[in-house]
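The numbers in our numbering rise by one with no breaks, and the one at position 219 of the sequence shown is 219.
None of these hints come from the bench; they were simulated from the model. It is possible that part of the hints are untrue.
Claimed, not checked - Only pairs whose alpha carbons sit at most 20 Å apart, straight line, appear in this in silico PhoX-like list of lysine-lysine: (1) 124 to 54; (2) 239 to 28; (3) 124 to 11; (4) 124 to 28; (5) 96 to 45.
To be verified - Between beta-carbon pairs, the in silico distance windows are: (6) 217 to 157: 16 to 22 Å; (7) 110 to 51: 30 to 36 Å; (8) 60 to 210: 42 to 48 Å; (9) 91 to 69: 17 to 23 Å; (10) 220 to 67: 39 to 45 Å.
Glycine is no exception: its CB is placed at the ideal position from the N, C-alpha and C atoms.
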Amino acid sequence: MQVAELASVFKAAYAATGVPYGYETSCKLVPGKALNDRFLISTHKDAFASGGLKTLLSEGAQQAVPAEVWQWLEDGLPQADLVHFGFEPAANAVLKLYLERASDFYTGLKYDPQGRIHVYDALKWGAELRPVNSRYMCRPEQSEAALRQTVTDCFPADSSEACQLAMAYLEGALQVLPAKQLLMLEVEEAGSVRQSFDLNLYDLEQTVAQWADLIRQTWQLQQPDNQQVEIFLQTHGDKILGHVSAGTGRDGQVFFTLYFGVTEQAPDTV
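Produce the complete structure using the sequences and hints provided.
Set out below in structure tokens:
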């Protein structure tokens with residue numbers, strides 16, 4: 001089963017729960033190209049009832065997923081509250097599962113807002129990618145200096161321009177909200193050079209168009225066709241910019257990802 005076909009099967013499984021789910025789109029900018037049409041689907045684990053996500057997939061689809069993915073899901077689900085599924089269409093397409101520990105986050109926010117909280121576990125795989133585990137950590141209330149240091153740490157010394165652009169997203173957010181109200185995740189992968197951050201911008205309630213100048217600069221740095229950025233802005237400019245992720249990928253290359261336009265999807269629309 002092809003990766004894109006398997007992504008459609010997972011999406012149908014979320015619809016099969018009969019429960020509305022969150023649907024968020026994104027665009028990832030890597031050197032020389034823009035990866036569009038990425039999506040992330042989100043729902044509470046209870047939507048899958050006692051049978052779990054696996055039972056909503058055909059036998060062929062179940063077998064197309066590496067056994068270690070199912071084992072990872074079984075091991076991590078008891079500590080999680082939400083289950084997210086993501087797909088990145090590309091020459092080497094990637095499938096992603098995220099387990100979100102929302103309860104742990106809110107407990108940490110209440111009792112230890114300066115502490116480091118394990119919020120997400122993620123497993124990502126594809127035809128050319130063996131399953132790799134990522135951890136998403138955060139400190140709910142941080143100082144401006146701490147947020148800036150996190151951004152800086154995500155880029156090698158020879159990527160100063162990329163670091164400055166990433167910092168500009170943070171500075172733009174700080175003009176609207178104080179540091180302690182901004183949520184930044186730190187992403188790490190054991191045995192990988194990946195180091196990145198994810199800055200939540202939803203509370204700013206600003207559209208993609210309001211960030212257009214900075215998005216154009218980011219696009220120019222990563223060198224996709226300039227015409228593409230204008231198409232992107234025309235297509236998505238009126239949508240809320242939800243969060244931006246940036247840093248060094250597991251391949252050692254700098255990346256930026258823009259997440260936008262989250263909506264609630266009714267199962268009967270699939």
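Inset, instruction - Could you tell me which of the hints above the structure violates, numbers in ascending order? - result: Those not satisfied: there are none.
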